Amino acid sequence: YIIKEDNTEEYVEVKSVVLCDFEKNNYPSFVDPEISRLKEYKKAAIFPDGFRKNKNVPISERAIKHIETLSKIKQEQNINTSLYFIVQRDDCDYFKPSYKDQFYKEALKKNKDFINIKAISVSWNNMGKCNFSKELPVII
2 YIIKEDNTEE YVEVKSVVLC DFEKNNYPSF VDPEISRLKE YKKAAIFPDG
52 FRKNKNVPIS ERAIKHIETL SKIKQEQNIN TSLYFIVQRD DCDYFKPSYK
102 DQFYKEALKK NKDFINIKAI SVSWNNMGKC NFSKELPVII
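Residues 2 to 141 in my numbering are what the sequence shown spells out, letter by letter.
Hints listed in this document are in silico derivations from the structure and should not be mistaken for laboratory results.
None of the values given here were measured: they were computed from a predicted structure.
We put the beta carbon where it would ideally sit given N, CA and C, even for glycine.
Accuracy of the hints is not assured; some may be wrong.
[Said to hold, decoys possible] Mimicking PhoX-like on lysine-lysine, the simulated pairs with C-alpha atoms at most 25 Å apart in a straight line are:
#, residue 1, residue 2
1, K135, K73
2, K43, K54
3, K130, K16
4, K135, K119
5, K66, K16
6, K16, K5
7, K110, K75
8, K44, K113
[Said to hold, decoys possible] Across the chosen pairs, the derived CB separations fall in these ranges:
#, residue 1, residue 2, range
9, E41, N8, 43 to 49 Å
10, S30, Y85, 29 to 35 Å
11, P138, F115, 16 to 22 Å
Model the full structure from these sequences, guided by the hints.
Shown next, in the form of structure tokens:
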């Protein structure tokens, strides 16, 4: 929760993104990657990713609850809400929800009109300093 300089209120959720998709037949052998479905490959930062025993449940029920809570705040209290995906790499062209978790993707799609969704790419130097790289397009 933040109060901006102009005294407006906003609820903000921040997610850290470390993964990307891969071009078909062009990925390290030690990973089980998400493969891009684009005809002309552009690297996508993806969220969420994780292990689950059952494919019929979300990777993170808590992450979906965060989306629903932000949407509810905007709709019921008319307070601005934002969801920031901080991409911890600077080699991606855009951000998208992972197709491995259709529950999360559908929650984003359903609530996108009530939440300001942004993806920010950062880079890290060898001294551990984080720098803004660019804002990435978000494709849901």
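Pair hint outcome, K135 versus K73 [Cα-Cα no greater than 25 Å]: 29 Å, violated
Does the beta carbon distance between E41 and N8 stay inside 43 to 49 Å, or does it fall outside? Distance hint for E41, N8 holds at roughly 46 Å.
Please work out if K110 and K75 have their alpha carbons no farther apart than 25 Å. 16 Å, holds
Hint check for Y85 and S30 - Cβ pair distance inside 29 to 35 Å: 33 Å, holds
Restraint check for K66 with K16, where alpha carbons must lie at most 25 Å apart: 13 Å, holds
Range hint 16 to 22 Å (beta carbons of P138 and F115) holds or violated: At roughly 20 Å between Cβ atoms, F115 and P138 fall inside 16 to 22 Å, so the hint holds.
Between K16 and K5, does the CA-CA distance stay at or below 25 Å? 20 Å, holds
Does K130 pair with K16 here, judged by a C-alpha cut-off of 25 Å? 19 Å, holds
Decide if the proposed pair is consistent with the structure: K43 and K54, CA atoms, cutoff 25 Å inclusive. The given pair, whose Cα atoms are some 30 Å apart, is violated under the 25 Å limit.
Mind checking the alpha carbons of K135 and K119 for me, to see if they're no more than 25 Å apart? 11 Å, holds
Given hint K113 paired with K44 - CA-CA distance at most 25 Å: 22 Å, holds
Of the numbered hints given earlier, the model fails hints 1, 2; all others are met.
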